[in-house]
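Just so you know, UniProt numbering puts 68 at position 68 of the sequence shown, and the rest follows in order with no gaps.
Worth flagging that the hints you see were computed from the coordinates, not collected in a lab.
Incorrect hints may appear among the rest.
As a list, the in silico EDC-like pairs of lysine to aspartate or glutamate whose alpha-carbon atoms are at most 16 angstroms apart [said to hold, decoys possible]:
(1) 130 with 77
(2) 138 with 45
(3) 130 with 70
(4) 105 with 77
(5) 67 with 112
(6) 115 with 45
(7) 67 with 119
(8) 115 with 63
(9) 133 with 45
(10) 122 with 63
(11) 123 with 63
(12) 133 with 51
(13) 48 with 134
(14) 138 with 44
Note that the coordinates shown come from a computational prediction; the quantities given were computed from them, not determined experimentally.
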Amino acid sequence: MNTKDMFSFSTFDPSKMQENFRDFAEKGAAQSKEAYAKMKAATEEATKTVEATVQTAQAGTVELGLKAIDALRTNTEHSLSHLEALLGVKSVAELFELQTAFIRKQAEVTIEQAKAIQETAKKVAESVAKPGKEAAEKVASTFKAA
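All chains should be built: construct the whole structure from the sequences, respecting the hints.
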């Protein structure tokens, strides 16, 4: 056995190691830049989604508030009209008739108002969820494509 061969570093080429290290560093830098660009784009997209959601929620809150105010106004007007009618009552029978009609009408109106508010709330909830749903679908399609 030749001792010269045993301790020889003839297969070790420092210039190739330096070249391999440079390639590794360049690839790492490129991957980092690409990852940063993707993260930045995702963050910007998420910000847009949050902004759209907040704007939709604000508009929906206003719409629901207006529906509630309208219901309150209607109920107040009916109650005042009922009180005026009660002031002109001439008999107990007329009082019961007016009161029964008022309660029946008020129940019908309340049911209609509840349906209208429920429909509006459903529409607002769907509108608020839409940007997030679209963003999630976009992310899911990105993973499917990758």
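Hint check:
1. Taking the CA atoms of residue 130 and residue 77, the gap is near 37 angstroms; set against the 16 angstroms cutoff, the hint is violated.
2. For the proposed pair residue 138 and residue 45, the alpha carbon gap of about 10 angstroms is at most 16 angstroms, so the pair holds.
3. Restraint check for residue 130 and residue 70: not satisfied, since their Cα atoms lie roughly 27 angstroms apart, outside the 16 angstroms limit.
4. With a C-alpha separation of about 13 angstroms, the suggested pairing of residue 105 with residue 77 holds against the 16 angstroms cut-off.
5. Restraint check: the Cα-Cα separation between residue 67 and residue 112 comes to about 12 angstroms, which is no more than 16 angstroms; the hinted pair holds.
6. The straight-line distance between the Cα atoms of residue 115 and residue 45 is roughly 36 angstroms, outside the 16 angstroms bound, and the hint therefore fails.
7. Under the criterion of a C-alpha separation no larger than 16 angstroms, the hint pairing residue 67 with residue 119 is consistent with the structure, at around 11 angstroms.
8. Restraint check: the Cα-Cα separation between residue 115 and residue 63 comes to about 15 angstroms, which is no more than 16 angstroms; the hinted pair holds.
9. This hinted pair checks out: residue 133 and residue 45 have alpha carbons roughly 13 angstroms apart, not beyond 16 angstroms.
10. The suggested pairing of residue 122 with residue 63 holds, with an alpha-carbon distance near 12 angstroms, which does not exceed 16 angstroms.
11. Between residue 123 and residue 63 the alpha-carbon distance is near 10 angstroms, which keeps this suggested pair within the 16 angstroms criterion.
12. In summary, the hint linking residue 133 to residue 51 is supported, as the alpha carbons are separated by about 14 angstroms, within the 16 angstroms threshold.
13. Distance check on the hinted pair: residue 48 and residue 134 sit about 12 angstroms apart at the alpha-carbon level, within 16 angstroms; holds.
14. Between residue 138 and residue 44 the CA atoms are separated by roughly 14 angstroms; this keeps the pair inside 16 angstroms, and the hint holds.
Of the numbered hints listed earlier, those contradicted by the structure are 1, 3 and 6.
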